Amino acid sequence: DAGVIQSPRHEVTEMGQEVTLRCKPISGHDYLFWYRQTMMRGLELLIYFNNNVPIDDSGMPEDRFSAKMPNASFSTLKIQPSEPRDSAVYFCASSGGTNEKLFFGSGTQLSVL
Amino acid sequence: DAKTTQPPSMDCAEGRAANLPCNHSTISGNEYVYWYRQIHSQGPQYIIHGLKNNETNEMASLIITEDRKSSTLILPHATLRDTAVYYCIVRSYGNNRLAFGKGNQVVVIP
Numbered sequence: 314d315a316g317v318i319q320s321p322r323h324e325v326t327e328m329g330q331e332v333t334l335r336c337k338p339i340s341g342h343d344y345l346f347w348y349r350q351t352m353m354r355g356l357e358l359l360i361y362f363n364n365n366v367p368i369d370d371s372g373m374p375e376d377r378f379s380a381k382m383p384n385a386s387f388s389t390l391k392i393q394p395s396e397p398r399d400s401a402v403y404f405c406a407s408s409g410g411t412n413e414k415l416f417f418g419s420g421t422q423l424s425v426l
Numbered sequence: 003d004a005k006t007t008q009p010p011s012m013d014c015a016e017g018r019a020a021n022l023p024c025n026h027s028t029i030s031g032n033e034y035v036y037w038y039r040q041i042h043s044q045g046p047q048y049i050i051h052g053l054k055n056n057e058t059n060e061m062a063s064l065i066i067t068e069d070r071k072s073s074t075l076i077l078p079h080a081t082l083r084d085t086a087v088y089y090c091i092v093r094s095y096g097n098n099r100l101a102f103g104k105g106n107q108v109v110v111i112p
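From first to last, the protein sequence lines are chains A and B. So for the first sequence, my numbering puts the first residue at 314; every next one is plus one. So for the second sequence, my numbering puts the first residue at 3; every next one is plus one.
Bear in mind the hints are in silico, worked out from the structure with no lab data behind them. All of these numbers come straight from a predicted model, not from anything done at the bench. From the three backbone atoms N, C-alpha and C, an ideal C-beta is built for every residue, glycine too. There could be a bad hint or two in this list.
[What the hints assert, rightly or not] If you only want the chain A side, here are some residues facing chain B, beta carbon under 8 angstroms, derived:
no., residue
1, Tyr344
2, Gly355
3, Leu356
4, Leu358
5, Tyr361
6, Asp369
7, Phe404
8, Thr411
9, Asn412
10, Lys414
11, Leu415
12, Phe417
13, Gly418
14, Ser419
15, Gly420
[Unchecked claim] Quick list of the computed label-pair ranges, beta carbon to beta carbon:
no., chain 1, residue 1, chain 2, residue 2, range
16, B, Lys104, A, Glu396, 23 to 31 angstroms
17, A, Glu375, B, Pro112, 21 to 29 angstroms
18, A, Ser379, B, Asn32, 32 to 40 angstroms
19, B, Thr58, A, Lys381, 39 to 47 angstroms
20, A, Ser379, B, Met12, 38 to 46 angstroms
21, A, Glu396, B, Glu60, 41 to 49 angstroms
Whenever a hint applies, use it, and build me the whole structure from the sequences.
Encoded structure:
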């Protein structure tokens, strides 16, 4: 398996634009997680899904952020409109069950100018 | 979940064993100790986890004290590629919210 695949690897956009980050989890994994990492706040859990259903979105910073998982092999994290303070590395991770270890993707480096 | 305390940074000599400490004095009976590491510009990578007993795998060994209030991750023969931020995380059974703290920046020195 290729592991968790995220795209794009880097994204540079201007304030106010819509940004969509993509994630393909490991096949057979039924949990998917979105994390954000900044120098100030470290790694923060934004939202996680189980069997394509959002379970806990308490980490989503505000209404500008939304996440979807239309099927078991694809998830998106959308920011609309984007702001400079959204600049961070966004990681997607998947796991094969509760208490199972997480496998992380390589992340998307987002810069909002 | 219980909070963990790690040194912010430490150096280790290449080829020697690296012993990474973690305090989790408020850990409760159903909470596991997990270790992840993050090499620069990569996503975190799982290393090992345990509940009470010491654990060993191909990457490392985990030593948990009898009172479970602290643990040590041991990298048996540190290499330059082991330079990373190491996260000690306490996680209760069934809790999918893995909370990463600031971690321990470990630098392996030639």
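Hints versus structure:
1. For Tyr344(A), the suggested interface contact is upheld, since its CB lies about 7 angstroms from the closest CB of chain B, less than 8 angstroms.
2. For Gly355(A), the interface hint holds, the least distance from its beta-carbon to any beta-carbon of chain B being 6 angstroms, beneath 8 angstroms.
3. Hint status for Leu356(A): holds, given a least beta-carbon distance of 4 angstroms to chain B, under 8 angstroms.
4. Contact between Leu358(A) and chain B, as hinted, is supported at the beta carbon level, the nearest pair being about 6 angstroms apart and thus within 8 angstroms.
5. Against a cut-off of 8 angstroms between C-beta atoms, the interface hint on Tyr361(A) holds, since the closest Cβ of chain B lies about 6 angstroms away.
6. For Asp369(A), the suggested interface contact is upheld, since its CB lies about 7 angstroms from the closest CB of chain B, less than 8 angstroms.
7. Interface hint at Phe404(A): satisfied, since its Cβ lies 5 angstroms from the closest Cβ of chain B, which is below the 8 angstroms cut-off.
8. A least Cβ separation of about 6 angstroms between Thr411(A) and chain B falls short of the 8 angstroms threshold, and the interface hint therefore holds.
9. The interface hint given for Asn412(A) is met, as the beta carbon of that residue sits about 6 angstroms from the closest beta carbon of chain B, less than 8 angstroms.
10. With a cut of 8 angstroms, the hint placing Lys414(A) at the interface with chain B holds, because the nearest CB-to-CB distance is about 4 angstroms.
11. Interface restraint check: Leu415(A) against chain B, minimum CB-CB distance 6 angstroms, threshold 8 angstroms, status holds.
12. For Phe417(A), the shortest C-beta to C-beta distance to chain B is roughly 3 angstroms, which falls under 8 angstroms, so the interface hint holds.
13. Contact between Gly418(A) and chain B, as hinted, is supported at the beta carbon level, the nearest pair being about 6 angstroms apart and thus within 8 angstroms.
14. Taking 8 angstroms as the C-beta contact cut-off toward chain B, the hint placing Ser419(A) at the interface holds, the least distance being around 6 angstroms.
15. Evaluation of the Gly420(A) hint against chain B yields a held restraint, the C-beta minimum of about 6 angstroms falling below 8 angstroms.
16. In this structure the supplied range 23 to 31 angstroms holds for Lys104(B) paired with Glu396(A), their Cβ-Cβ distance being about 25 angstroms.
17. Between Glu375(A) and Pro112(B), the C-beta spacing of about 46 angstroms breaks the proposed range 21 to 29 angstroms.
18. Our hint of 32 to 40 angstroms for Ser379(A) and Asn32(B) holds, since their Cβ atoms are close to 34 angstroms apart.
19. For Thr58(B) paired with Lys381(A), a C-beta distance near 40 angstroms keeps the hint of 39 to 47 angstroms intact.
20. Between Ser379(A) and Met12(B) the beta carbon distance is about 40 angstroms. The supplied range of 38 to 46 angstroms therefore holds.
21. At roughly 43 angstroms, the beta-carbon separation of Glu396(A) and Glu60(B) lies within the given 41 to 49 angstroms, and the hint holds.
In summary, the structure is inconsistent with hint 17 from the numbered list given earlier, while agreeing with all the others.
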